[in-house]
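**Student:** What follows is the residue order along each chain.
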Amino acid sequence: MADTSSIEIQSARYAARDLLAWCLVGLLPWLLYLQIAPELPLHQTEFLCFALAAIVMWIFRLTPDFVPGLALLLIVVLLGIVPREIAFSGFYSQVFFLIFGIFVLAALLAETAWLHRLETVLVRKNASFPMRLLAVVAAGVLMTLVVPSPLGRASMVQPLVHRFFQNAQAAGNSFLALAHIHGATLLSTIILTGNPLNFVLLGMLDDQTSNRYQWLGWLQAASVAGLVIAVGFAAALFVFGAKRGAGPRAAMQATDTVHVDPLRDWATLGLYVFLLVAILTRPIHQVPLEWIVLALAMAVFFFSGLTLAKLRSKFDWPTLIFVATVVAWGPMLDHLGLSQWLADQMPLLVPIFERNIYLGFAITMAGVFVIRLAVPGAPAFIILATALLPFAQTIGISPWVLGFTILTVSEGFIWPYQHGVFSQNVTMLDAERISYRMSSLIFFNVFFYLLRCGAIFLSIPFWKALNLI
Amino acid sequence: MKHVFVLAKFAVIGALLFVVGRLVLMQNDAQAKILVVHSYNTDLAWVNDVDDGIRRAAGTAQQSGGPHLNLRTHYMNLRNHPDCNFYKNAAAEVRFTLDDWKPEVIILVDDLAQALVGFNQLALHENADRYALAQRLNDWISGGRCATPALDFFGLDRPADGPLPAVVFAGVNGGTALYGYEQASNVSGIFERKNYDALIETLVSLERAYAGDVAGIMMLNDASPTAITESENYLAQDWGPFTAAAPVNAANLAQWEAAVATANARDLMLLIANYQNVLDTNGLPVPAEDLVAWTELHAKLPVLGVNTRFVADGGMMTVAIAGSEQGEVAMELALAVLNGVDTDPLREAKQFLIGLNQSLVRKRGLALPAIYEAFSREIGSFIPVVDDLYVVQGVQDG
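Protein chains in written order, with UniProt numbering: chain A, 1 to 469; chain B, 1 to 398.
None of these hints come from the bench; they were simulated from the model. Treat the hints with care, as some may be off.
[Said to hold, decoys possible] Now the in silico label distances, taken between C-beta atoms and shown as ranges: (1) K464(A) <-> R158(B): 14 to 22 Å; (2) N356(A) <-> A251(B): 21 to 29 Å; (3) N356(A) <-> Q351(B): 14 to 22 Å; (4) P64(A) <-> D43(B): 45 to 53 Å.
We treat Cβ as the ideally placed atom computed from N, Cα and C, and that holds for glycine.
Based on the provided sequences and hints, a complete structural model is requested.
**Tutor:** Structural data, given as structure tokens:
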């Protein structure tokens with residue numbers, strides 16, 4: 001009886017929060033309108049107000065993420081604020097086809113039994129704790145190369161981790177969870193295909209700039225940051241983790257039988273090898289990455305690699321639509337002449353960046369941290385990127401560098417509510433009554449957050465050498 | 001049995017994909033890649049005019065069965081960021097594209113692109129002194145912007161490696177010796193030298209129409225490298241029947257205002273070509289519209305522009321080189337290289353534009369030959385009489 005009433009109170013609380021949030025969706029844009037209407041022409045004012053409404057909807061997660069984006073495009077087209085070709089340009093941009101193709105390949109990968117094979121080997125050999133940690137990390141990192149969704153990667157590695165958890169080994173379990181969570185997320189911005197927001201950043205750059213940041217170009221520019229993060233991650237896990245996890249090894253149960261189709265497994269691997277070769281030989285064949293990926297996705301269907309039913313269940317349509325809607329923000333702002341206006345709203349940042357670039361980056365990162373306390377990752381990135389990318393040129397920094405910094409820091413998290421992968425893991429651990437130490441998780445999250453910031457700082461000299469700053 | 005059929009089906013699909021893939025690769029290979037590099041950005045009407053010309057010539061070539069073209073355009077946006085660090089990064093970005101994409105021809109528009117991009121792509125003659133050329137260019141690019149940096153700062157120290165593209169220049173005002181083009185074998189292009197005969201004819205018409213005394217002419221520009229070249233060309237030209245006073249390159253608003261006062265005191269007609277980089281007291285460029293409107297308001301004698309945008313920016317009259325011709329001829333030269341056709345590699349601009357603002361002509365009480373109005377109406381650069389003449393903000397009156 002008590003439970004029912006507490007659930008009722010809880011749901012009433014949620015309903016009240018939603019009501020309040022929807023009121024803010026109306027109120028905040030109206031206040032913004034009063035503030036900027038005397039300063040800007042009608043269309044520009046309207047656009048900013050509707051954009052703010054979409055942002056508020058994102059912040060409070062009132063609808064699936066793609067809905068506010070699509071609603072904004074709809075209203076700006078209906079009111080004639082932005083021409084249809086510009087508003088919906090995300091739907092035929094390079095990024096759209098790139099994500100479509102990568103998602104098809106990732107859906108195919110989810111159908112294979114490679115992780116199951118890894119699990120079987122580890123169980124058979126009764127692998128040591130460091131070995132298990134390594135397996136979890138390696139699986140997460142390898143998946144970063146091919147599955148462009150941290151949450152998707154984490155779910156795919158989940159069964160493997162789950163088998164390694166041991167009761168009464170809170171320290172070991174905590175480190176396994178850390179290896180799982182951060183293995184799936186830490187390098188997500190280093191590799192173009194590691195995170196849907198990377199594609200959003202790519203889409204926000206103009207054509208001549210985005211050509212430089214195709215797969216290898218992106219990796220090259222992010223390499224120093226990636227190296228710092230990888231070394232820090234490995235050191236933290238194996239110096240602290242391996243010791244704590246050492247204890248009596250409980251034998252793991254044999255794994256469940258999983259339907260294995262060797263032909264599909266090897267064909268999938270073959271597709272990825274083909275993709276890698278195509279990426280490395282781009283200067284020779286000159287076919288853009290998005291067309292290669294799309295061609296491979298078509299090949300998947302030619303060879304009956306995915307059925308329609310599997311595609312419906314495994315393909316992340318909402319993320320694809322979400323990215324397509326937000327990619328057009330840059331062109332829309334340019335069309336309305338708002339990019340420069342936004343850049344002009346931050347007059348204080350220019351002299352700071354000009355005097356001391358490290359301080360400028362530190363302030364930017366601190367700003368990202370503060371915004372991420374309240375705003376989820378994707379909207380936080382969109383707000384910050386929209387506001388700051390036009391400003392990058394003014395201070396003589398490549399927009400990619402600023403976008404990458406925002407992305408890398410905003411993908412960091414400390415508390416469960418800040419990131420889907422972390423909250424999903426904690427929920428799972430609690431639900432299965434697996435012992436772990438929240439304090440250790442938080443402590444290492446802080447460490448990894450600082451590691452991300454450090455990686456950015458250490459990349460600055462490298463970016464200078466690449467003439468990006 | 002079923003397996004055999006399935007495998008055979010996969011083999012057929014594989015073969016089909018192979019054929020299609022090969023077709024794509026072969027066609028890609030047969031494409032001629034042309035990279036157009038603009039010094040400036042599309043916010044400048046001139047740049048769009050040049051692009052129009054390039055597209056027109058490319059379209060004509062495609063219709064007449066020319067090579068299949070893969071055309072990319074890169075805007076360095078240097079006008080909006082006149083500082084050495086930005087120049088360096090913009091040049092590095094173009095070089096990255098050149099290394100990655102390896103075009104057969106690069107079309108470089110306006111002077112800065114020649115210096116920052118063209119110089120490294122030259123197939124220089126054996127006896128050319130590359131180091132001396134690079135030194136001079138390094139001085140020229142940094143001139144007035146920053147202390148001359150080391151030679152590797154703008155990346156001028158080492159030439160591009162690998163097969164060099166053909167370089168086609170457009171929008172070059174003076175000579176090309178500075179960029180080393182005269183000592184290289186892979187360069188062709190079109191100059192943007194002013195049509196001096198047309199300028200002198202127009203100045204004569206203005207002098208006749210003006211009631212007061214005209215003692216001569218004076219060129220007034222900002223102090224950008226392009227503008228300094230412009231002033232040098234002005235000095236080298238015979239302006240008879242006019243006496244040409246020494247040109248002024250004003251770096252800031254005070255110098256600009258002083259030059260206008262001098263012209264007024266000495267009864268000189270002003271010729272203005274470049275005015276986008278005149279800095280105000282905060283070190284920011286004065287908006288072009290404000291500067292031109294201020295000049296129109298305060299210049300005693302008629303002012304003649306030598307720039308596509310001068311009338312759109314608020315000037316009374318302009319005689320300018322047509323950007324579309326620059327683009328069209330540059331593309332024709334690029335196609336000549338690709339087709340291996342022998343042609344005159346160096347061309348002069350022949351087409352020019354006239355712009356007229358009728359309100360300002362009336363305000364000065366000038367009666368100009370009707371042909372100016374007719375021509376500028378025809379090409380859409382005529383501004384009829386309006387009620388509000390000047391909306392000057394940001395520039396102090398007087």
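**Student:** Now look at each hint and say whether the structure bears it out.
**Tutor:** Results of checking the hints against the structure:
no., hint, verdict
1, K464(A) <-> R158(B): 14 to 22 Å, "19 Å, holds"
2, N356(A) <-> A251(B): 21 to 29 Å, "28 Å, holds"
3, N356(A) <-> Q351(B): 14 to 22 Å, "51 Å, violated"
4, P64(A) <-> D43(B): 45 to 53 Å, "38 Å, violated"
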